[in-house]
Amino acid sequence: MKHHAIIRIAAKFLIPPILLFALYVQFHGDFGPGGGFQAGVLFAVGFILYALMSGLSDAQHALPMSAVRICLASGVLIYAGVGVVCMVLGGRFLEYDVLAKDGHSGQHLGILLVELGVGITVFGVMVAVFYAFAGRSREADR
Amino acid sequence: MISLQLPILQVVIPLLGAPVCALFRSSRSAWALSVALAWLSFGVAVALFQQSWFGGYVSYEIGGWPPPWGIEYRIDILNSFVLLLVSGMAAVVVPFAGRSIEAELQDDRIPLFYAALLLCYTGLLGITVTGDAFNVFVFLEISSLSTYAMIALGRDRRALTASYQYLIMGTIGATFILIGIGLMYVMTGTLNMADLAERLQQVNNTRTIRVAFGFLTVGICLKLALFPLHLWLPNAYTFAPSAVTAFLASTATKVAVYMLLRFFFTVFGAEFSFATMNLDLILMPLALVAIFSMSLVALYQDNVKRMLAYSSVAQIGYMILGISFGSINGLTAGILHLFNHGLMKGALFLALGALVLRTGSTQIQDLAGVGRRMPWTMGAFVIGGLSLIGVPLTVGFISKWYLVAAAIEAGYWPIAGLILLTSLMAVVYIWRVVEVAYFGVPLAEAPLASEAPLSMLLPIWVLVIANLYLGINTSLTVGAATMAAGQLMAGW
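First to last, the protein sequences are chains A and B. Each step along the first sequence adds one to the number in the numbering used here, with nothing skipped, and position 34 is 34. Counting from 1 along the second sequence, just add 1000 to a position and that's the residue number in the numbering used here.
Simulated from the structure, these hints should not be mistaken for laboratory data. Treat the hints with care, as some may be off.
[To be verified] Part of the chain A face toward chain B, derived, beta carbon under 8 angstroms: (1) V76; (2) M87; (3) R92.
Beta carbons are placed, not taken as given, at the ideal position from N, Cα and C, and that holds for glycine.
Isolated chain B, as found in the complex:
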């Protein structure tokens, strides 16, 4: 009985929690409720993942209206893999947020913050579970609006301009997506993705559909921050509260990449996207420029948060590069990196959040000597950094391995070289932090930092261990990514 309701429960659990949190006056109870709901929701995601692991898909008709008339939730291995990442990150970040948000936000705003966090989470889950193109847009708006509010809560006043900048760019992106969906609806009269995929075949040659494809490409690439549409991302990540940055960096852009996969492979079909529209000719150069230029920019940042933000743009480039090969192996690498990058950036940003709590700064020079005072936090940062670089026995190695293999398979030797070169650049920018933290001499007036509280260390180390475990035992991640890539290339 309950198992039939799982797809909707995934969305409804956090959705119901958000207004209840807004009613709470005490920040502790809002936090406790959010933690409980995040864990419950993670349980739902695990159950859905188990159901789709053996192939096939789970379908749910909202309101009992059969598709294509009603809204259908449709979950196959790709959705449930992304759901696992998003809900897993929420289950780790929300407990962490307790202490971190208490230190960074005014007291009366905290219950409203948790309401916004749960709404953002609802939106991200909704985009992932739904099989209805218009429903995607609705959930996109839910997650975006609450994201703008959460970024604006940052301590620095520049958080307001960062949030406003993202609001303008994000709204343009969402509008483009809506225009694309609208044009498809004009030509086919349907919004259900599976139905769209079937009906688009007959009208593929029209200019309207080609324009719709263009609008969707630009709109989604704005949301996932593909170079040169990434301009909102560094400021938003730098000035948002630490827990928000960790949550967004490991989920929001990943869900946007999922949207890209869903529209281009499932709705339009790989054949149309790559053979007719030459998507690879657009995505591949942009991804390569993103990887190289953003890694270069990250080298010169003095703010660790901003450095990791630029590195995120570069890492998104790796995902898009994998997808742009248009082959099963490339797609596997892209999906794998989507999941693995969520794990490593989550660990890095959470460790940074703990450093912010104790040192009150994200500037590299203020972290001098912190490695001896906060060994567990810096240890987590180092392992997260190794994973970002792609050292063996971490998840970063696995996805880069698959990416290099896919590049070589497609005959792009220079690209494989570039991936290795940019990994070396990651070594340099991670090393800059590690060097200061372990070998730097703290300034005389710097506050004496002590180790982060256990409620923050535990979430960080859960992610660190996930980084190591899934870097050794890859059957879960590689299995799911391979299966998802196969399904995407074949249509539904």
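Just chain A, with the same shape it has in the complex:
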């Protein structure tokens, strides 16, 4: 793709708004349509676009597989961890009411954190799947 100037520059322009939009979908998820799943996929699209444009090795330089693996695991840990914190604070698993002083803001905080965990894991999975497919032929050649 290196010699397609128009595509490269258009992608360069697109990547920041895509990432920003992903964050909007993530954090606006409890007021409007959106949430962790959609935001995670969108955020991954930004990276996948970059990888398509400037090659897999550049993308893996920016976001190595070890970092993706941490994303994969930490999202699940955040989700289940919120549930366990609720239990430690005297509620049931994922009973957000106990997270803050009043039930309403507790629910708000809880769903925000849980969706963040979902977003991080979905992002990690999307990128990991892309890396696995894109890196396949090269590994076989080696």
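For chain A, the structure is supplied; the task is to place chain B on it using the hints.
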């Protein structure tokens, strides 16, 4: 305080362990963490079993949302009996896996393997504890997806096709289950099992519910590998890593049988399933064909792992046969065999895993003379085999005894005869291995096998002793199975 949280802890402990294992670089620490969590989780299961032993049920509302709106975990004697089996097998297989997996897998994949194993374990426990029909599907997917990954890790390249075959069949099964649950939801507007059971009474006569029943039957029977939907099982068991085969053979199909019981007896009700839908007319012939034909196929296998896999399909036939009688005694026999077969197949596959470690092969002829070199491992295999045959003083005898008694009670004399005949067939296929191992002369170029390491022998012998102890003192297993059968026939 903690005792109130037990139902969720059962699922959350391995669930939290899986991502931590995925972060580990060292395979030893991933293994150590998995062992610790498996034992902790077994402790939780024992505590839950004690709570439900005296009747009644334990209910847990996830997120504090009361049922039927929120997800409810609901544990009675049947759940906790299955939990005891699943977590008990994990507590034995995970320590065994340490050496076995080290020898069979690439080093960098081992931490990810333990992550997949813990996720599969989470899924199986989740299916068993939940009282929510949709939650069953979610946990089914968690356990299935990680199972596909674990089977694909087998040394042989054919593990990939075996895993793919299971992926296609398993996905069809899961989709059918989802369609069944969806149709029930359309008619009743609820997903809570207890609530469903109540509301289905009013809409039982509709075609939608009958179609839902059909989809669920086929979907669940695919997952539990009832003949002729068992085609994925022999390859998956043969090519998966030894520890995975032992874990799956003693837990995954058992949890699927539990699902069958839960949906047909609790949700639809025994009356609807058997009197209206004539479930027995479908299950009984299929179970009989499974028992006879698969025992016959097992006789002709040259690969011990594949032989035991076909024998598993036959043994699932015994469980389904017991259930298909639709009587309390038949149901007791089915549930009892569910538990006992987990114990015997676990012991057999673990012993086989130790043989694979030392001889590097699962072909019968490569085991020549191994009985003298690995006396403890082969001894365990022989006792496990006796249990599979149904020799007195082993658990296999207990469940076959109850099954024959239930068949005679229902007036099916020929079926009782068939059970005895197929037990003789089990004698033949177990004897083929024993004969080669003890009386065969090893080939000159065969590697000199030495006794398996203690970390593998201990888990194997724990299961062997369980096979013997529970074959003599049956108050625990028969008591739980009888109580569970009574509860199932009465609804909740």
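Each hint tested on the structure:
1. V76: Holds. Min distance 4 angstroms.
2. M87: holds, 6 angstroms
3. R92: holds, 5 angstroms
In this structure, none of the earlier numbered hints is contradicted; all agree with it.
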